[in-house]
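Enquirer: Since the structure of chain Z is provided, determine the placement of chain Y on it from the hints.
Protein chains in written order, with the working numbering: chain Z, 1 to 393; chain Y, 1 to 276.
Just so you know, the hints here were simulated from the structure itself, not pulled from any lab data. Every residue gets a Cβ at the ideal spot worked out from N, C-alpha and C, and that includes glycine. Take these hints with a grain of salt, some might be off.
As the list claims (entries may be wrong) - Now the stretches of chain Y that chain Z is said to cover, found in silico as 3 or more residues with beta-carbon under 8 Å:
1. 119-127
2. 247-256
3. 260-270
Claimed, not checked - SDA-like, lysine to any residue: derived pairs with alpha carbons at most 25 Å apart:
4. Z:343 to Y:126
5. Z:36 to Y:53
6. Z:382 to Y:126
7. Y:238 to Z:358
8. Z:36 to Y:238
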Amino acid sequence: MKKALYFLVFILFYTLFSCEKPDLSSLPSLKIYDDKNGNKSFEPLSIAKSPTSDGYLVLSAFDGWRIQLMKIDNDGEFEWNMELPNKYINASPELIIIQNEVYIVCMDQIGLFTRLLKIDESNKAVIEVSSFESILYPVYAHYTGQHLMILNCPLSWQAMGVHQVSSTLDTTDQQAYLNINTNVDDYILKHAMHTGKRWPIFIKATPDQQNYIVNGFYNYSFSTVFLGSDLSFQGVYNGPGFGVGISALLPFGIGDFAVARQLNQNVFYNSKAPLMPTNIAMASSIEAQGNAELDTESPTLIKNLTIKGEVYRAFLSSTRSQQLLLSLYDQNGELRGTKYIGKSVPIKACDMIQTPYSELLILAQVRIMGSYNRISTIKLSKSNLEALLEDGN
Amino acid sequence: MKLTLIFSFLILSSLMTSIWGQRRKHFYRKDNYYIGTSLGFGFTQPIIHERYNILEPTPQSAATDFDKKYEGLFQNIGGNYGLHFSFVYTRLFSVVCQPTFQTQRFSYMTNYSWSDSLSGGEVYKEFLHRQKISNLCIPIMGRLDFSSRKFSPFLQAGLSADVVYFGSKIIYSDAYIDGEVDRKSAGHSNVAEITQHLNRFNVSLVAGAGFVYYHEDFALSISGNIKYGMRPTINDSKRFEDFSGFAAPYLDVFDQVKLLNLDFLITAMVPLHKKW
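With the rest of the complex left out, here is chain Y:
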């Protein structure tokens, strides 16, 4: 453990030394403004705040609860693309705005069973619920560069205003409770809109790190951000309104969740050679 710490310290020290060394040689950021585009992908993890069920367990139920089982972060992949604006206050500090169209996906599974002698014994139902939420995100972040040279790692943090403009879901089902539903062979519902079930506005905390490469005429960056929606994702007052029509047929109602995102972006920027 100690050895790992020592090695980490040495690597970090050498990296910082090299960065600060570069800084003394040449300044690359002569322009105050950058504009660009970004493209990337991300993963979503719902953080459960309150569980809700339509089917209410009784002593006569096959199960004691009907809690949803959520899939993990890396099983919920989405995409994002957008614009990049940055304003360089100092050589090491800039303010970044990256309006982005973002797709968040998350999935959960439910299962139910009944004994039914008329249908020949036990009836099993397993459902895979896949949600897709499309947002317009407008993050404002402060970015701290470790160097003003050609190649610089950076840290950034800020807030993002997120506007949901569309949500949809589809449910896959099979007749075996085995913890998985094969989407290729399983039956499925129609794709239903869930936008009205969602809180349309959210504010997220965003923090991340990355590397930027500056050239005289352009800059490229690779960054990773963690984003956490501070407001609940589901509209409590419309939870049971059943806009999707899935409430009774699939015994489906949303839990209250907040969404955590891990996003990766590649950004290409060009400087604006103008003093505003």
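Chain Z with its partners taken away, still in its complex shape:
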């Protein structure tokens, strides 16, 4: 009897002192940023690590195509926000970092031309850097590491413009136009004003900077067009009309692309697709694995994630059952783990980045109380990501 008592006391002390204490600095979190105006609808666009301070900058659209900028700290706590003046609208859905400065590409409300704004974090303001009056209706901008590239699609032009901006960020070095043989003005207007379908329009460069990949309207479909470094046409993967073809893409090198494509209201993934820039083919010909639970009306994101020193290809999509599905593939294209995020409310993935602390920070739109679209950040800790690989799901 006495021995049993001693054993119980031992168990008590063992329980008290042997439990692992979690590292509170890197815990997962979920934040939804409030606004009392229930009629204000937010659409998060992009999140970027602030190059000059701790925390992250969040770019969002609200009330259609107006622009809001928000700063949060490393734990997702709100720091400040600002609504950009009315004259700046239709932000390109990517915060651009060039030489430790963060830029926004947007449209002038009256002139409909492109403006480049620099974020002044210390004064919580934006500074006009330059205007591109020949670039009407900008729809996307991306910094390749060498050049700022801007895509535009002026109404009634029936063409998508590809513009390479000079290193001084005030003129364009070269441009090209992709013909659209049908009128897509309605699509573009609703896309820009956030009143209808948001098309997966983007421009990226291959790692060797020898090719640009333009996802946009081309000929009679929504297509993925490969351009040379001189913006000359190289090849194309045509979508099935306007039923969307490639919806997300991350280039790793010639013949090595992570791709998400859509066909017949389904999303398909190929984490190691052998796309060739000079091919002329249908996007549906790209071999890929379908996943019927993914929602075609929400974006798919593809980013690199480094976990335990290994680089993985992370796909993030919304499911039809109102969750996010994160899928990790290794460099050989093998699926290594999946994780469902969220439950019960409409949630849409908008952007994601890996933090300097090896966490994954997801920017999402969440509809709360069944009515109000709000900006949300979801942080998966380093240990969450490691567990995801160990568990597989």
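Expert: Positioned in the frame of chain Z, the structure of chain Y alone reads:
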């Protein structure tokens, strides 16, 4: 104040005199071992260590914070039942083990509001969150009796190993922010499991007092214990995992709390007439 102290001293002195007087007459605890059962109820008070919110206030929010308002100790009633083992070292000192199934309940309220011209003005939401945690508690306590006679008050203190085996919660809501949600008329969520949000093992400090009545063939005691969980109740690494599915629909995430319990037990024991 002085008068109260004097009266207290007199009452305590007379009580102790009577107890020690009894002790000289007869010893009731001839057996070393007792076994029994216990039944009781308790109240739970969460002690907040860190607050967490899902909804992050901004300058455009209706409120400057979304802190939870916890209900008081006596509004959180639970129950417990279990076994009793005691080993009598000396006539006045014994070691007690009372493995108990314990239910802890605690509640808090949150509220939110938005202006919504489409819905006809203001939208108010008030939520009452009720948690129920079921534990297996194994306290080991040293008990000091003031007398070895038939009737004895006692003090006891020790540690308890607590294992959570199930946790659940339900949320009641109404559309008025008035500091109360009527559970009979309010809408409510389904009952969701929260076990994975909880730290499964805890160690608590336990201390209490009571009275015991010894008979030749049995003993009865009434005791009250204060129990304080030394480890956090919520698992920090799984706080936002949303196992309940309430995170976004009800904007709910647990604060970090430690639980303080005030428990009352009636225990019936029988001596084991055997030398081990």
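Enquirer: Hints first: check each against the structure and report whether it holds.
Expert: Hints, one by one, checked against the model:
no.: 1; hint: 119-127; result: holds (count 3)
no.: 2; hint: 247-256; result: holds (count 5)
no.: 3; hint: 260-270; result: violated (count 0)
no.: 4; hint: Z:343 to Y:126; result: holds (21 Å)
no.: 5; hint: Z:36 to Y:53; result: holds (16 Å)
no.: 6; hint: Z:382 to Y:126; result: violated (35 Å)
no.: 7; hint: Y:238 to Z:358; result: holds (18 Å)
no.: 8; hint: Z:36 to Y:238; result: violated (29 Å)
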